[in-house]
Amino acid sequence: MSNKWTKLTTVMLLAAVISACGSGNGNGNSAGTGNTGGNSGGAPAGATDTIEAWGETIKSQYGGDTLNLAFASHPSTESFQKLTADFEKLTGIKVKWEVMEETYLKNKQLLDYTGKTGSYDVLMVDGFWMSEYGAKKVVEPLDEYIGNESLTPAWFDYEDIIPAYRNGISKYEEKTYGIPTAGETRFIAYRKDLFDKYGKQAPTTMDEFLELAQFFNGKEDGLYGVSMRAQRGVHAASGLMTIMYNFGGGFINQQTGEVTMNDPKTVEALQFYVDLLKNAPKDVVSYTHEEALSAFMTGKSAMWLDATALAKRILDPASSQVYDKVAFAPTPEGPDGKASALAGWNMSISSLSKNKEAAWAFIVYMNSKVNAKAYVEGGGVPVRTSIYEDQELVAADPSYPVQLAALNDANVLVEKGISWIPPHEKMGQILDRVGYYVSAAMFGEVTAEEAARKAQEELEDIAG
Amino acid sequence: MIRSYFKKRPHLVYIMPAIVILGALTIIPTIFLYGLSLTNYELGYPTFDFVWLENYMRLFTGKDAEFWYSVSISLGFMLVTTAIELLLGFWLAVLLDREFKLKFLVFACMIVPVAMTPSITGQIWKLMMNAEYGVLNYFLQFFGGKVIWLSGENAFWSTVLVDVWQNTPFVALIIYAGMRSLPSDPYEAAAIDGAGKLQVFRNITMPLLWPMILLAVIFRAIDSLKTFDIPYSLTQGGPGSTTEFLSLHVYRLGFAGTGWIGRSAAVSVVLLVLTTVISMVLIRLYRKGVENKG
Amino acid sequence: MNPLGNKKVGATTAILLLLVCVFCVFPFLWMLIISLKTGTQTYDPAIWFFTPTMDNFRAVFEDRHAMDYLKNSAIVVLLTTLISIFLGGLAAYGFARFEFKKKENRAFWVLSLRMLPPMASVIPIFVMASMLGLLDTHLVLVICYMLFNIPFTIWMMRSFFEEIPVALEEAAFVDGASRFQVFVKIILPLATPGLIATAIFCIINSWNEFVFALFLTSADASTLPTTVTLFLSVSGVAWGEMSAIGIVTILPVLLFAMVVQKYMIRGLTFGGVK
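Chains as they are written, first to last, in the numbering used here: chain A, 1 to 464; chain B, 465 to 758; chain C, 759 to 1032.
Simulated from the structure, these hints should not be mistaken for laboratory data. Hints may be right or wrong, so weigh each one.
[Stated by the list, open to error] Within a straight-line C-alpha distance of at most 35 angstroms, the following computed DSBU-like cross-link-like pairs (lysine-lysine) qualify: (1) A:K175 to A:K197; (2) C:K943 to C:K861; (3) A:K197 to B:K752; (4) B:K471 to C:K829; (5) B:K565 to A:K312; (6) A:K354 to C:K943; (7) B:K471 to C:K1020; (8) A:K338 to A:K197; (9) C:K860 to B:K752; (10) A:K325 to B:K472; (11) C:K943 to B:K472; (12) A:K426 to B:K472; (13) A:K82 to C:K829; (14) B:K471 to C:K859.
[Claimed, not checked] Label pairs and their computed distance ranges (CB to CB): (15) C:V1017 to B:W621: 17 to 25 angstroms; (16) C:I773 to B:F524: 47 to 55 angstroms; (17) B:S536 to A:G444: 56 to 64 angstroms; (18) B:V737 to A:G378: 38 to 46 angstroms; (19) A:G444 to C:E920: 27 to 35 angstroms.
From the three backbone atoms N, C-alpha and C, an ideal C-beta is built for every residue, glycine too.
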């Protein structure tokens, strides 16, 4: 008897799972189409030509609503939070922030979507996640919102956002799923005082980069050559990506979809990365952004290669011991020429949001050209051409010109038809697996060739 | 009819509410888990297929290279921490088993690790263990030493250290409590017989304390087998996979960016089976110990 | 009552105990120090004397809404402890006072539930909670925490009940009291030390629980241990604030545990030694 019961419950429960998932899908879709239908039909009435008039219009429609946000802990988020009070006053929309570290964030967003809870309206989405989110329909396609003038007033100025970001981190299969809010490319920060002392020049090629790292490693007491992040998983994979394209390597061939982990060029890049980090602090295999940056800021490493978005911290006397001794240089040229990272964060609307237009109003306000300067001054990471050309801001931050140069390098890839973040819906899994094998190679468990070969097998399994 | 049923079994009124709730809370999720482990469900996708044993095949045929490693370090971690904590705990309990004025203060100190939130504490340890600016190496430098606490070779042992720090006091307190509640008659009898110290310890104290020790072992062994919070905060399973214990492997597969819920559920099932088998064996030992004595 | 013989505390023992104490308390102390340091001071462990700053604590309460988390934690922990002790206490009494078939088997089944890895049950519980619309509520955590608190309560309370002489109850039965009345009016008050001991362990375990809280709650019901996720960021770990909230998290439970340490240690015998 008890056996029979167990069987029955099993069947019922499994049926429940299946139906829950099935119906969830239906909901997601119908909500999506229902809303876009609503856009074209019932576009908000009222003036939107100035931000004040727009505010009035939005207030009359969504005043008193509450928006729930799931954002990453990031300088940009902090800056947006400073702008929140003005937004709330202008539109009468209340904003509830939920801010957390990025791996938790992705988890939370996906769990929320899977559970069909729909707790969030606006999501902050890493460019790395965009393909996956697009494929899973976690986020709402935004083209109709951007195209609709009453929803997106001219003062927002979408075209002003640097094209590389618009095309590189917020699209999946030709559709736009996010508005870039924080762009990053990567560059080298180096200790000018040490370079002067030993008569060295900033590296322009990968070979020089490696030589310099070897040169400075142990040159002074407690000094290492370089610090980068290399914790297994996303960090190690992302670290490899920083230099991989300069060697002509890649995870997958973006034209044919073939996995190219054991392509000699990718292996060469991997080998370089492993060799380079032999000149890093000994526990570099556990480094994330934080540790890599701290090592540099406390004067423990002569060079550092990571996100431009972090430059502000290096230059901040309150957090950095080397703020007045640094200079910046773009990612060095490799055997395959120049290339530089192109990553960043987006704001997207959750496909389960019950208040998509209010969510869009929030995105429009926060990312508009009108507020761009206030956003950057609050510590936000810029994505707009107009900001990079703003004399006042350029004068205040010596890293801007190098950032622009790095962005030009990033554009080299775009011209080659390569997206720095490979547009693959299983990107999360690919990064995790590659990151595992990179870490294993660095750790000396396997050789670079062996790691590449195994990664190749696993990636074929995932992508195939 | 129902009335008379309960009248005949008066204990049911007392134990049923708890049993029913516990049953519902464990059996249903477990069945659910088994179901999920037979699918290729991925987080965020609307549909999935039953792949039956494929997820298990992947684990047992070595396609998941990290799985066996996870199993072995999880078991290793369990053995090592339980052994160290038991020995240290016993030693501490013996140290404490005497009268002195500031004893309450020692207890107060020992409660600190027990009460500290593991997720946050793990982070603080991570800061303390940083090779370049951590306080542990700051102390070591006075003795001319420097340890790369979280490097590949040391991360496992650093995790052991934190676990030992957090849980040894608990073991010590259990054993201490046991020592304090030992009956005095056997000792008086032994004194009359003129038994030596070692003999008393081996023939009286150990058998009497045995159940308490086993109980401590049960708690520690199982808790360390399913350890998550500390390695998660401290090492995230790295470097490489040196501290990727089974719970972390479950987490990495099912969440954390990859979203293979089906595969992760299969690993969970293995973890569940392991804990169940080990706790059954230990509990059986414990029962034997208790019954022999009673 | 000192079967291992009366030993004195010699100098060696005293030093050893002192070392143990320092080792136990040091991380807490370090957390306290970090919470009072500024950002750059954090990275220099050689700084022992500095003007403490309260900025971290202010930031934690003003910007990070520590009060909300504190409130959530308090609600969840109080509810789950009360319910667990009530249900578990009833069951413990059942196990202590009645003889029935397969009693020990059931008791050990209960104990084995305490061993379930949360990582294994959190996936199905998440799916079920989302179907019932219980995600991100206090209720779902209260229920999940019962999963480890009830078995614990049953095991701890059983030994306390067994030590209460049956004669006391029988006297009350003669006066015409029902068994339930006896349980509430006579047994429970007598078992107060046990209740306190059990409560403190239930509180510690639920207060510090991380896995369920992380996966099952977000905006409205997050508890203190999950706040650790707030301070990790690409722009650096906010060590000062993290330590500040760590202190806020640990202090209430720690103080309570120290106040009731006598009961706590007594409770740890679990009736294993009778």
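Now the hints, each set against the structure:
For the hint linking K175 (chain A) to K197 (chain A), the alpha-carbon distance of about 51 angstroms lies beyond 35 angstroms, and the restraint is violated. At roughly 26 angstroms between alpha-carbon atoms, K943 (chain C) and K861 (chain C) fall within 35 angstroms of each other, so this suggested pair holds. Distance restraint check for K197 (chain A) and K752 (chain B): the Cα-Cα separation of roughly 74 angstroms exceeds the 35 angstroms cut-off, and the hinted pair is therefore not satisfied. Proximity of K471 (chain B) to K829 (chain C) is assessed by CA-CA distance (about 43 angstroms); at most 35 angstroms being required, the pair is judged violated.
For the given pair, K565 (chain B) sits about 55 angstroms from K312 (chain A) by alpha-carbon distance, which is inconsistent with the 35 angstroms threshold. Note on K354 (chain A) and K943 (chain C): the hinted pairing is violated, with a Cα-Cα distance of about 53 angstroms set against a maximum of 35 angstroms. Only pairs whose Cα atoms come within 35 angstroms are accepted, and K471 (chain B) paired with K1020 (chain C) is rejected, the gap being roughly 40 angstroms. Note on K338 (chain A) and K197 (chain A): the hinted pairing holds, with a Cα-Cα distance of about 28 angstroms set against a maximum of 35 angstroms.
Taking the CA atoms of K860 (chain C) and K752 (chain B), the gap is near 16 angstroms; set against the 35 angstroms cutoff, the hint holds. Of the supplied pair hints, the one linking K325 (chain A) and K472 (chain B) is violated, its CA atoms being roughly 85 angstroms apart against a limit of 35 angstroms. Proximity of K943 (chain C) to K472 (chain B) is assessed by CA-CA distance (about 24 angstroms); at most 35 angstroms being required, the pair is judged to hold. For a cut-off of 35 angstroms, the pair hint linking K426 (chain A) to K472 (chain B) is broken: about 60 angstroms separates their Cα positions.
Between K82 (chain A) and K829 (chain C) the alpha-carbon distance is near 25 angstroms, which keeps this suggested pair within the 35 angstroms criterion. With a CA separation close to 15 angstroms, the supplied pair K471 (chain B) and K859 (chain C) stays within the 35 angstroms bound. Distance hint check for V1017 (chain C) and W621 (chain B): the Cβ-Cβ separation is about 36 angstroms, which falls outside the suggested range of 17 to 25 angstroms. One distance hint, 47 to 55 angstroms for the beta-carbon pair I773 (chain C) and F524 (chain B), holds here, with the actual separation near 52 angstroms.
Distance hint for S536 (chain B) and G444 (chain A): a CB-CB separation of about 19 angstroms, inconsistent with the stated range 56 to 64 angstroms. A C-beta distance of roughly 53 angstroms is found between V737 (chain B) and G378 (chain A), which places it outside the suggested range of 38 to 46 angstroms. Checking the proposed 27 to 35 angstroms range against G444 (chain A) and E920 (chain C) shows it is violated: the Cβ atoms sit about 58 angstroms from each other.
Checked against the numbered hints above, the structure violates hints 1, 3, 4, 5, 6, 7, 10, 12, 15, 17, 18, 19; every other hint is satisfied.
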